[in-house]
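*Asks:* Sequence:
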Amino acid sequence: MKKSLHILLIVLGLGITLYGATVYAERDTAVEIGEVRISKDLEVSKNEKHRLNWVSISGGVLLLLGLGMTMAQKSGK
Numbered sequence: 001m002k003k004s005l006h007i008l009l010i011v012l013g014l015g016i017t018l019y020g021a022t023v024y025a026e027r028d029t030a031v032e033i034g035e036v037r038i039s040k041d042l043e044v045s046k047n048e049k050h051r052l053n054w055v056s057i058s059g060g061v062l063l064l065l066g067l068g069m070t071m072a073q074k075s076g077k
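For the sequence shown, position 29 (counting from the first letter as 1) is numbered 29 according to this note's numbering, and the numbering increases by one without interruption.
A few of these clues could be false.
[Unchecked claim] What follows is a list of derived Cβ distance ranges for each label pair: (1) Ser-75 / Glu-26: 16 to 26 Å; (2) Trp-54 / Gly-76: 17 to 27 Å; (3) Leu-14 / Lys-74: 24 to 34 Å; (4) Leu-64 / Thr-22: 17 to 27 Å; (5) Gly-68 / Gly-15: 25 to 35 Å; (6) Ser-75 / Leu-14: 28 to 38 Å; (7) Ser-75 / Leu-8: 12 to 22 Å; (8) Ala-72 / Ala-25: 18 to 28 Å; (9) Ser-75 / Tyr-24: 33 to 43 Å.
Just so you know, the hints here were simulated from the structure itself, not pulled from any lab data. In this text, all values refer to a predicted model and were calculated from it rather than measured experimentally. Virtual Cβ for every residue (Gly too), placed ideally from N, Cα, C.
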């Protein structure tokens, strides 16, 4: 049971991280001038916080949790 939980967390973490990275990379652009791209994130007011990619962050946390559990189990043997 524990081994399947580790594998589930690792696979889920990888999937969510890759999905979040894809969504973040394909966000809308405001202006395209040759190779220079200015994203809509730069058009926010100074009082507004920069948007974080929470999907990739949560996927990374799940991935690290799964890897940490796997490493802890292997070192305990």
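*Asks:* If you check each hint against the structure, which ones fail?
*Replies:* 1, 2, 3, 5, 6 and 8
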